[in-house]
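**Q** So the chains spell out like this:
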Amino acid sequence: MDQKPWLTVAEAGSEFTIELGGPWTVDFSFDLRNLISQVPDIKDKAVKINAASIKALDSMGTWFIYKITKPLVHQKLSFSITGFSMAQKVLLQKMSRYDVPHVARPTEESAIVRRLRALYSLHISVCSGYGRLLSFIGVVLERAFLTLLHPSRMRLTSLSVQIEKTGFNALFIVGMMTFLIGAVIVNQGAVQLRQFGAEIFAVDLLAVSMLREMAIILTAIMVAGRSGSAFTAEIGSMKVQEEVDAMQTMGLNPIDVLVLPRMMALIIAVPLLTFFADIMGLLGGALMAWNMLDISFAGFFSRLHEIITLNMVLVGLIKAPIFGAIIAINGCFEGLSVSGSSESVGINTTRSVVQSIFIIIVLDAIFAVFFTAIDFV
Amino acid sequence: MEKETHKSDLAIQVRGLVTAFGPNTIHDHLDLDVKKGEIVGLVGGSGTGKSVLLKAIIGLIKPVEGRIHVLGRELSEISDGEQKLFRRKWGVLFQDGALFSSLTVAENIQAPIRENFDFSQEILDEISFLKLGFAGLQPEVAHKYPSELSGGMRKRAGLARALALDPELLFLDEPTAGLDPIGAASFDTLTKNLQNALGLTVFLVTHDLDTLNTICDRVAVLNKGKVVVSGALEEVKNFDNPWVQEYFNGPRGRAVQHKPYQTPAEI
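One line per chain: the protein sequences are A and B, in this order.
Its first residue numbered 132, the first sequence is counted upward by one per residue in my numbering.
Its first residue numbered 179, the second sequence is counted upward by one per residue in my numbering.
Treat the hints with caution; some may be incorrect.
Stated by the list, open to error - Here are a few chain B residues that sit away from chain A, every Cβ distance over 10 Å (derived from the structure): (1) Ile236; (2) Gly244; (3) Gly250; (4) Asp258; (5) Phe264; (6) Ala289; (7) Arg292; (8) Glu318; (9) Ala320; (10) Tyr323; (11) Gly330; (12) Gly356; (13) Asn401; (14) Gly409; (15) Asn419.
To be verified - Partner residues aside, some chain A positions facing chain B, computed with beta carbon under 8 Å: (16) Lys225; (17) Ser472; (18) Phe502.
Calculated from the structure, these hints are not laboratory results.
The C-beta atom is built at its ideal place from N, Cα and C for all residues, glycine as well.
Okay, chain A solo, but in the shape it has when bound (with noise of 0.2 Å):
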């Protein structure tokens, strides 16, 4: 098979003879376009094609021996082939109909223009998307009232498996986040305090920050990216499969059937998942007080019970339901944006999460300087 094509090419008298041999495959390809090159211009004279020495022929090779009979025929020269079966000589004929000019890639701009114009189409779908997204959750609250009037329709299997699936399949790796934090707020907020010998106020610390920002965010961050990103995930490849169409035509509605239960479930399950990371945050900070501190359990408590006040827990809570209604919200509707190509379903999975985690920040900021404006602390 190593073996090479070859032509040669003979004239005596008025005839012309081109023998062609050897593999003429794909394989050759770069080998025949410089073959097919040397054959001269030929005017006036009777062509003869010898094929008996083709060792292996596919398309692509009668594609080329096609390309040298092309000027021929276009002159009207008389030429024959010999060593081509008839189906071989049919193929050939054949050639001249997929002989089709080839159309250039559309040219692509400078490099200036184009990072110009990303920036512009970047700055109006950002613009575009957060209109979008309000709109959405305009037509999400209004058909979750028109539930709240009937709620027979609520969908409670699909409610029931989301709250499985987004809340107690996380209990784990929220409770081991939040439990890790927590060792460490007590670590280093010690290791601090100690140069003023005010240690045990690590202990304060560490109540204050979870219960107020840390478990919340943390799990809020968790729930964005397993189950906001399941979700656009989810919902976007039920898009490409056009099974969202098919419900429509169904009567049914996708608000109601994906979005609600969905929403639902997280503004039961996200609360939930936020008062036991607090828990184990505590427990967390616990641990490394006893072991580094020498504080013992009973008194790392009683220290507890002496600071944490009610607002403080239900300041981190409140804000729980909020994040996971925005987190469902914005997953789904990432992902019944999500147009044609899968590929669309991956660039909607990274938004929505990153636009979850984003949002979810500068709420946490709005809430943390609305509820010290209002003395709710």
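Given the structure of chain A, go ahead and fit chain B onto it with the hints provided.
**A** Showing chain B alone in chain A's frame:
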């Protein structure tokens, strides 16, 4: 010795194939032969495992039992290094085209060529536009993305990609389903022309009675996990099996008259 020479005439040889998904047995000791240079059509009711058989032959599904020889080699015995060389002798068209959605049609066709050869862009273009033409697509389609194409066009683009490396053996999963009758007929003609001229072997899963009538040298019928009959269409039509009788002699089967393939020059 005699057995060996006989074997070399076979493009595909399946012996005692058993495949199963969990407790569901799909194929129960199935035997199938496809000779070189032959067009074989596989028919069977929905859910009888036609696509599964195709996937088992191309090595995407591991059989529970049985041997599958393709072009005289057993797949499981071929080393990973050899696989690539071996696999380029086949082209596969999946049911929905299975184009890579992040590449344009031209890039899809060029993907297997790039993987095997170091050709310049001009040669790649030359090959891909020829194969686009083979599949009956306009050259304008070359730079579109699969999501911009209709279902039938995606299938044709998939065919163009399957033909990219000029395979000896072509596997087609329902090649004409979803094509308009003109497109389906031109597909039949192309397949027959390639087979006649280049000795292509084609194994196709189909429900298209026209395709079976006009281009298939042999028809194999899959029923209850086995190939119950395989042979020329006329033989199969007369085979005594209720399903086969209903399939070929039902209202649709009778509507398609047996028209032997015309010489390609006339079409």
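**Q** So which hints don't hold here, by number, going up?
**A** The structure conflicts with hints 8, 9, 10, 18, although it agrees with all the remaining ones.
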